[in-house]
Every structure is written in structure tokens, then in C-alpha cells.
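Peer 1: Chain by chain, the residues run as shown.
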Amino acid sequence: MRSGFWTVLGLTLLAGCSTAGAARAEDAPEPCDVPAYLLSTDSLLPKVSGAIKSGQPLNVLVVGSRSSTIPSSETSAYPARLQAMLKEKLPAVPINLSVELQGAKTAEEVAAGLVKLVEEKKPTLVIWQTGTVDAMRSVDPDDFRSAVDDGVAALQNAGSDVVLVNLQYSPRTETMISAPPYLDNMRVVAQQHDVPLFDRFAIMHHWNDAGDFDLFSTSHGLELAKRVHACLGRALSKFVINAAHLDQAQQN
Amino acid sequence: MTSIADQVAEPAVSDAAALAKDGAPSAAAAAPAIALPAAGERELRLDLFRGLALWLIFIDHLPPNILTWFTLRNYGFSDATEIFIFISGYTAAFVYGRAMLEAGFVVATARILRRVWQIYVAHVFLFTIFLAEISYVATSFENPLYTEEMGIMDFLKQPDVTIVQALLLRFRPVNMDVLPLYIVLMLSLPLILWLMKWKADVTLALSVLLYALTWQYDLYLSAYPNGFWAFNPLAWQLLFVFGAWCALGGARRMSRILSSPVTMWISIAYLLAAFFVTLTWYVPQLSHLMPRSLDQWMYPIDKTDLDVLRFAHFLALATITVRFLPKDWRGLKSPWLRPLIVCGQHSLEIFCLGIFLAFAGHFVLAEVSGGAALHALISVCGILIMWGMASVISWYKHSADKSASRTKGTGGNADLAGGGA
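Protein chains in written order, with my numbering: chain A, 1 to 252; chain B, 1001 to 1421.
Don't read these hints as lab results, they were simulated from the structure. All C-beta atoms in this analysis are idealised placements derived from N, C-alpha and C, irrespective of residue type, glycine included. Just so you know, nobody snuck in bad clues.
Distance windows between CB atoms, simulated: (1) B:1283 to A:73: 30 to 40 Å; (2) B:1156 to A:75: 26 to 36 Å; (3) B:1282 to A:75: 30 to 40 Å.
All chains, please: the whole structure from these sequences, using the hints.
Peer 2: In C-alpha cells, the structure reads:
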């Protein structure tokens, strides 16, 4: 019954366009290019550059919530893909990557435990994905900002480089989760601390607009998730390499 | 936050002081503290811009598409919400201010409360539709990419609490923030009008004071399950009261300031500066041109608490509009602007319809995978539906319901009271 109703509504509203839409969805494997400006940053990753120039291993710690993984398929999630891509591009450097998932924790709750985590693992680079839980609970954006602010400061004091990763672009839940205040505040913190911000939201938005992925779709669940994460991992590896100016380092 | 709040609060206060001073002599000259514009003549510009605001709000509530590029927020700090709240304050004060002068405080309050009730019912109606939408999404959508985001549906597990909180206006989904704000503002309208009747400029000054205190002490209304109201009524009341103040003679007393070329050039300069800043959001290559200190001072531009930059942007827009679009502009009667005007004349209904259509648009987009063309088509269809509905309502009011509208004739009819939404 439900689908009947939507067919009718769809047909009345969109008579001409639905065929075009359907044809589009069948597209072959995506290249998932990311515009250069989304992968470049003015902020640097001096610890990462230093480690690689002096031939030390690169220890990466990904701190994130559930959107940093794919349920039941963690090896396809973007952190694992990031590690694989970094290994490929920096074959001479040992790359250790660990993932610390803190599901259902706000930035404030995660920030409180960051120092301990860093003391345990001594990472060169911490990739902190945050914002989703705060947006879902509509935490006061000011509180969110000061929590991220504290967290980044603590990580920097502990001697790690930091990359912030913002929310996913999730068109289906757009009417339920208000992302913009959290995106804005993460951008502000990144700017204040001169920390690179990996704009996952804008990148996924771009893919959706460009037709690389149909993020509205309900079908191809697991496959779509794997492909998106593979692309995110690749984009993130380029982003890190850009921010640490490793292209030149490698040539030398 | 405090540091930004400080910077922002002070100029706001001094601005208001300046406004109040300018207003004072003429207020003393006129016998009643407030003056009402001539009755009868409907201010079509208000309808026009409220209609425009309704269209823009609708488009902004849909996923971004080509039409999104025509919305105000891409060209400056403020957006359609500011226009909507300001005009609502203006029309509400115009209609119920007259009622208060003619029929007294009690009757005016009673009329306002009836209007509040209508808005409340509209809100609950929209909430029901929202519940239907997300229940549908929750049962039909399984995408491992978004397991985390789907956690937002968890509140469906406790409908008892959620629904009661929604009725208390504390649980408000995204996109459904404007009506609760409007309800609170309308509830305070009797007090605002009563104060305005006493001294309009003092009322405006008090409103600015409340705004400043809100920033200084970070006052807010809490929401359910946690968080805050996305439009803080304690801050947004400033626009509403300012609208009311303009309606009750303030606009006329400001006309000298408004027509001065200095004001015009300041406004134009500010609008251009704001445009450039917004341009850096969309063309990130330009952001190198932005001085870092300006960045740090300016961001984030807070919508929840109606950032002063947003308010100033709205003022500049309004100044330019009033200057270049005179009241008796012939274009206002042209059939091309008719769709906008007719939508603006039935704002509560069309606003609700717009929210509903935005939900429906999301539905369609989710069901039929389509590209940019489909997105744009949905926006256009929505606007056509809004226009059609507004025309039907107009027809009801003028033809089908003639006897009803005649009885409402005294003291401002509900149509003019578009004070509605």
C-alpha cells in the first residue's frame, strides 16, 4: 500500500524525471574524485613530517564514534583503508594504526579521556572524528566547541599532531539531525588551533551531488558502505600526506 | 563564549540608545505614545516579502539544489527567518495594537491568545506528520553507512515521553523550530503592546537589554531530551519587538535616518562585505584573502542567539529595500508578484504547508533516486502547490466565506492579522 501511494505521488509530481533518475542509479564503479580544495589545508602536521623524515614509524590513532566503522566489516572501514593507502604511498615507513571507538559519547566525554589514551599509545598523529553524537543529542554548540577545543589542546600538549574529522553527510536524517552548528564550530576550533580539518561532510556531499554515490538510497547497503569508506580512506590519506608535505619528503 | 558576547553586546546597547534618543523628541510631540498607520490600506510590501520568506524557508528546508542558490543565506549573514519574524512582529503589532487601542487590553489579549492557540494546533499537526515520516524512515531504511545516525530514531522507543515533550514544545525536530518560537513571541505580545502603549522607545530599549543579557549570561530555553531551543526566543524577540516598534510609528520616526544617503551607503557597504564573506564559504580558494583576526572575531555567526552580524545584515537589507521599493510601487499590483503576495497573505497556512511539503519532498527524494533535476523539480512543484493553496484560501476568504469575514471585520480581521505566522 505504501509503495503504491508513493508511486502515485512520484508519477504525478515527477512524470518526466523519474526515468532519468532511474537510469542514473545504475552507474558503474565510481572514481570518487575529491576536488583539490577539500584535500588541501594550510595547517601543518610537523610531528608526522618529522617522524617520516627521520625514518621513525608513524603511529596513528583514530578516535571516533560508530561512523568510523562498518558494523561486522571493520577491515573495510576508512581507518583500515587509510592505513593501507598510507602503506602504499609511503612504502618505506612502518605505519601502525589503532582505532579507539567511543560510541555514544559526546565530544566532552571523549575529550576527558583523550590524554590517558595518548599517554598509553604515544601516537604521532591523532585523527579525531567527532560531532555526530553531539548533533544527535543537540548539545549546546558552545559547549561542543569548548569540548573540542579542550580535546585538541590536550592532544597537542601531549605531543601529537591532530586531524579533525567532522560529521558524515547523511541526507536521510537531514530532517532529524541538524549538522551545521557542529560543522561550523569544528571549523572554528580547527582554525584557532591551526589543525587540519578533514571535511568528511563536504566530501560526501560532493560525491552525492556529483552522482558518485547515491547516499539517499536504501539498497546496496553493505556494498555502498564499503565503497564509501574505501574512498574516504583514500581521500584521508591524501589529505594527511598533503598536510604533512610528505610528497616532497618522499622525493628527497 | 563570554568574550564574543561582550564584544557583541556593547555596540548593540549603544545602538539602541542612539535609536531611542532619536525617537524621543518626536514621541514627546505626539500625544499618544504610539501612532497607528492609516487603516484599510494593506501594506503589500509586507505580504510580498513575507511570501518571499515563506518560499525561501521552504527551499532551505529541502536538500540543497539549484534553487538553493537563489536563497538569501548564500549572499549574506541573515536569511528568510529574520524577514519572517520581523514582518510577523510588524503585522501582529499593527493588528493587535489597533485592537488594544480600540477595545482594550483584555480583548486584545483574548484575540492574541486565540491566535496562539491556532499556531499551537498547527505545530502539533506538523509534529504528527513528522512522526509519520520518521517512523517510516526508521522502518524502511537500513544502511550500514548510517547506523550511528539512525540512533536518532531511538526516541521512538519512548513515545509516551516524546509526545508529551512535543506538546510542551520541548521536543522539536529539526525544521520545526520556527512555530514554537513564534508561539512564545506571540504569548509575550500583550505585554509588549501594553508597554509600547506606555512608551514605545522604552520597550525597544528593554528588548535590547534582554538581548544583551541573553548574550552576556548565555540564557537559553532547554529542550528535550537535551540541548536547547534552536531559535532562542530571548534573543529573537529583538527582531519581533523591533518589527512591532516599526509598525507602531517607529518606522515613520526613523524615516529621516532611512532616507539619508549616509545610511544607504553604510548599508550597501555592509551588504557587500557580508556578500564577500559568504563568498569565501563557497569558494574556499578566496578564504586566503580573509584576515585571520577577522575570522576569529566573527565566527561562529550564531543563528540560535541571533548574532548581531545577522541582525545588522537584516537591518541593512531592510533599509535598502524600503528605499528602493516605495509603498506605492506599481509592480506590487503586477500579476507576476501576485503568487508571492497571496502566499504572504496567508502566512500561517502556507508556512505549515511549506514544512509539510519539505517533509514530502524528502520522502520523494528518498524513494525515487534522482539527480539535480529532480531536486529542482520538487522545489518548483512545492512552490506551485503553495501558490495554489494560497489562492484557494483567498477564494474561501473572499467568496465562499463572505459572511464569516464580514463578522470579523471590526478590530482587524484574521487575514490582515496575518500576524498569524
